[in-house]
Amino acid sequence: QKEVEQDPGPLSVPEGAIVSLNCTYSNSAFQYFMWYRQYSRKGPELLMYTYSSGNKEDGRFTAQVDKSSKYISLFIRDSQPSDSATYLCAGPARQLTFGSGTQLTVLP
Amino acid sequence: DTGVSQDPRHKITKRGQNVTFRCDPISEHNRLYWYRQTLGQGPEFLTYFQNEAQLEKSRLLSDRFSAERPKGSFSTLEIQRTEQGDSAMYLCASSLARGQHEKLFFGSGTQLSVL
Chain A
4 QKEVEQDPGP LSVPEGAIVS LNCTYSNSAF QYFMWYRQYS RKGPELLMYT YSSGNKEDGR
64 FTAQVDKSSK YISLFIRDSQ PSDSATYLCA GPARQLTFGS GTQLTVLP
Chain B
1051 DTGVSQDPRH KITKRGQNVT FRCDPISEHN RLYWYRQTLG QGPEFLTYFQ NEAQLEKSRL
1111 LSDRFSAERP KGSFSTLEIQ RTEQGDSAMY LCASSLARGQ HEKLFFGSGT QLSVL
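First to last, the sequence lines map onto chains A and B.
What the first sequence shows, in my numbering, is residues 4 to 111, in sequence order.
What the second sequence shows, in my numbering, is residues 1051 to 1165, in sequence order.
Because the hints were derived from the structure by calculation, they are not lab data.
Among the hints, erroneous ones may be present.
What the hints assert, rightly or not - Here are the computed lysine to any residue pairs in the SDA-like style, where the Cα-Cα straight-line distance is at most 25 angstroms:
#1 Lys45/A / Pro1058/B
#2 Lys1153/B / Asn1068/B
#3 Lys1107/B / Tyr35/A
#4 Lys1121/B / Ser1137/B
#5 Lys1153/B / Glu18/A
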């Protein structure tokens, strides 16, 4: 079992929709998590990091961790075509361990 | 540009040839990582350096792979006797390891195609 599992998608939504991206993790020792955004043919770009349970908000993005269920979520409000990318969740295994990514397309 | 820089962006080689990639991290960052990413997958850890010391290598890193960071600044990743299975995006990342919450910053990667 991979330490971080992610819904593979792909996910296609209309512009303005609320997007929910989800991951699960297996290692109870994980204390913080990161979301990376990766555009085609580019390296991953750090979007948000969050630790402990609860929500963290940054503009249109909200990261949520539920430690009881080992569930990580990223919500995007008022999604834009420029949000079209692959979103990767990551947890701090011995080294940063990534999910397989969810490809998101926001249609204008 | 003060980000992580990787060179070349693309490399096409024939099976059996040796290739070398270079990574220039963000200047004040003391940690440097190499990851490999194949289509539809997240990056997989290969190895990392703290300054010039190589502290960990993944089981993914076969004997044909070698990485160096001679002066604790730039790093090179060499693959000897390339195989078609080595075709992937090779990503470099750097971080300033401080406290618990390490943030990795990635370069744009080197896309390797082995024919």
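Outcome of the hint check:
For the suggested pair Lys45/A and Pro1058/B, the alpha carbons sit about 13 angstroms apart, so the restraint of at most 25 angstroms is met. For a cut-off of 25 angstroms, the pair hint linking Lys1153/B to Asn1068/B is broken: about 32 angstroms separates their Cα positions. Taken as a hint, the Lys1107/B and Tyr35/A pair is honoured in the structure, with Cα atoms around 23 angstroms apart against an allowance of 25 angstroms. A C-alpha spacing of about 28 angstroms is found between Lys1121/B and Ser1137/B, which places the hinted pair above 25 angstroms, so the restraint is violated.
Straight-line distance between C-alpha atoms of Lys1153/B and Glu18/A comes to about 30 angstroms, which puts the hinted pair past the 25 angstroms bound.
Of the numbered hints listed earlier, those contradicted by the structure are 2, 4, 5.
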